[in-house]
Amino acid sequence: MNIRPLHDRVVVRRKEEETTTASGIVLPGSATEKPTQGEVVAVGTGRIQSNGEVAALAVSVGETVVFGQYSGQTIKLDGEELLIMKEEEIYGIIG
Amino acid sequence: MNIRPLHDRVVVRRKEEETTTASGIVLPGSATEKPTQGEVVAVGTGRIQSNGEVAALAVSVGETVVFGQYSGQTIKLDGEELLIMKEEEIYGIIG
Amino acid sequence: MNIRPLHDRVVVRRKEEETTTASGIVLPGSATEKPTQGEVVAVGTGRIQSNGEVAALAVSVGETVVFGQYSGQTIKLDGEELLIMKEEEIYGIIG
Amino acid sequence: MNIRPLHDRVVVRRKEEETTTASGIVLPGSATEKPTQGEVVAVGTGRIQSNGEVAALAVSVGETVVFGQYSGQTIKLDGEELLIMKEEEIYGIIG
Amino acid sequence: MNIRPLHDRVVVRRKEEETTTASGIVLPGSATEKPTQGEVVAVGTGRIQSNGEVAALAVSVGETVVFGQYSGQTIKLDGEELLIMKEEEIYGIIG
Amino acid sequence: MNIRPLHDRVVVRRKEEETTTASGIVLPGSATEKPTQGEVVAVGTGRIQSNGEVAALAVSVGETVVFGQYSGQTIKLDGEELLIMKEEEIYGIIG
Amino acid sequence: MNIRPLHDRVVVRRKEEETTTASGIVLPGSATEKPTQGEVVAVGTGRIQSNGEVAALAVSVGETVVFGQYSGQTIKLDGEELLIMKEEEIYGIIG
Chain A
534 MNIRPLHDRV VVRRKEEETT TASGIVLPGS ATEKPTQGEV VAVGTGRIQS NGEVAALAVS
594 VGETVVFGQY SGQTIKLDGE ELLIMKEEEI YGIIG
Chain B
534 MNIRPLHDRV VVRRKEEETT TASGIVLPGS ATEKPTQGEV VAVGTGRIQS NGEVAALAVS
594 VGETVVFGQY SGQTIKLDGE ELLIMKEEEI YGIIG
Chain C
534 MNIRPLHDRV VVRRKEEETT TASGIVLPGS ATEKPTQGEV VAVGTGRIQS NGEVAALAVS
594 VGETVVFGQY SGQTIKLDGE ELLIMKEEEI YGIIG
Chain D
534 MNIRPLHDRV VVRRKEEETT TASGIVLPGS ATEKPTQGEV VAVGTGRIQS NGEVAALAVS
594 VGETVVFGQY SGQTIKLDGE ELLIMKEEEI YGIIG
Chain E
534 MNIRPLHDRV VVRRKEEETT TASGIVLPGS ATEKPTQGEV VAVGTGRIQS NGEVAALAVS
594 VGETVVFGQY SGQTIKLDGE ELLIMKEEEI YGIIG
Chain F
534 MNIRPLHDRV VVRRKEEETT TASGIVLPGS ATEKPTQGEV VAVGTGRIQS NGEVAALAVS
594 VGETVVFGQY SGQTIKLDGE ELLIMKEEEI YGIIG
Chain G
534 MNIRPLHDRV VVRRKEEETT TASGIVLPGS ATEKPTQGEV VAVGTGRIQS NGEVAALAVS
594 VGETVVFGQY SGQTIKLDGE ELLIMKEEEI YGIIG
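Protein chains in written order, with my numbering: chain A, 534 to 628; chain B, 534 to 628; chain C, 534 to 628; chain D, 534 to 628; chain E, 534 to 628; chain F, 534 to 628; chain G, 534 to 628.
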């Protein structure tokens, strides 16, 4: 089952953030704070500009993006929780 | 009795979401949380752009769409409860 | 006594919604919930677009329209209560 | 003493609404509810559009207009209370 | 000491409103309600329109204008209290 | 150490307002009310207009400007408190 | 690990502000007030203008910028706290 986001929407799968300590021990992200990085799973056809033209989005499927802790809405697809947000809510691309 | 939504409005019939457990048992959606998927029943003539032109909507009758839990207004038609919302409130198309 | 609504305004006469039970008994709309269907009684000259041009409204006198429970303002004309609302507040046309 | 409203503003003199009962008895408007009809006393030079052009207003001096109970601001001119409002706050023209 | 208001701002000197009773006795404005008429003391260079052009203001120095009771900000110039407001806050010109 | 304000921002150094009494005694501004005049210390490159062009600001370095009591943000530069505000928050130029 | 901010976003590394007393003693910024200067670490591809064109940002990597105490969102990259904000939230460039 797939989702095709409309217009400037982007579907993102949250990633657990990991923290590497100085001694190299990897700590998983705090359980109390939601991870704010994720992998782009699907992108809409583009942003509708005020002149009516559509501009392709700046993020692509497979990229890792950073966003706000409360960005987007949770949707369930095949039992999996995904986030859907507007490209506007994405801060940047990692890597 | 039919409804022709105006402009960028879309009429949607809510679908009960079902959850399939790992062992294949199908659980109907929680009764306390309203399903946020639905079938498009009717679409308006299009979005009026700021230059006055009308752009056809990106969803079509028969498609399954995802939307927010509180999106749209409930209308009753022939005793059936339907949702009417702006295309802007629809996150994406399933399938 | 007539009213000519300005620009994108529409005058609507509320209709009592009726509900037909399975056995064919017609129940008038609940007295506690205001009917949200009505007949268009008068329409304005059109929506003023941002380029200054006027676009004719999408509803016509005599059509039955659906709108929100709290849409529009009540005006009294010849002792009759009518609703005046912007076309933007109308969800769709019935029939 | 005269007032020339600026741009899209309109000066209105409230009219007491009268209600005619079925038997022809004329009841003056309720004293507790402010009348929402009035006579246009002066109109501004027009609405400034986003392209900088000025569009003449749709109401003229002498016409009876309908507006919201709380529309406009009260100004006093020669001891008389008048209302000044934007054309946008006027619902329609009576008659 | 002079003030040159920026763009669409206007400097106004409040006028005490006087009320003439039927018998010709002149009552000064109520001390508890701030007068809402004033004389234009200085006007800005004009309103910046969305296309970047500047449109001259519709009020001129020396004219008497009407405005809302709480319009504008008070500034002190040479010990005198003046009001500075946007032309948008002025309802009309008297006289 | 210098600051180059971005776009339509302006850096202002507050001036104590002085009040001259009728007898010529100069009273410094009330200590409880922040002075709302200041000297322009730096100006941005200009206002970005909706067509993408940049319009030079209407205030220049060295001019005395009037602004609202709570306008702008305080920044510290070389230990000195300065205000940075948008040109939009400046009412006018004195002198 | 790098971040490429989207569109008009800018990544900033906070700098501790230092205060030099008259006698030349350098005091680090107050611990209770967050520093509001920082070094630009990464800039987006530019501001999308209403005509759809993209305008390069006015700040560059390596520059020191001033911003509001509560501007931007905190993101963690390789264990380091950085700020990501819109260029619009940056007041000016220092130096």
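Hints may be right or wrong, so weigh each one.
[Unchecked claim] Partial pick of chain G residues on the chain F-facing surface, computed with a CB cut under 10 Å:
| no. | residue |
| --- | --- |
| 1 | A591 |
| 2 | S593 |
| 3 | I623 |
Just so you know, the hints here were simulated from the structure itself, not pulled from any lab data.
Just so it is clear, the structure is predicted and the values come from calculations on it, not from any experiment.
Virtual Cβ for every residue (Gly too), placed ideally from N, Cα, C.
For each hint, the structure was consulted:
Contact between G/A591 and chain F, as hinted, is supported at the beta carbon level, the nearest pair being about 5 Å apart and thus within 10 Å. About 12 Å separates the beta-carbon of G/S593 from the nearest beta-carbon of chain F, more than 10 Å, and the hint is not met. Hint on G/I623 holds. Least Cβ distance to chain F is approximately 6 Å, under the 10 Å limit.
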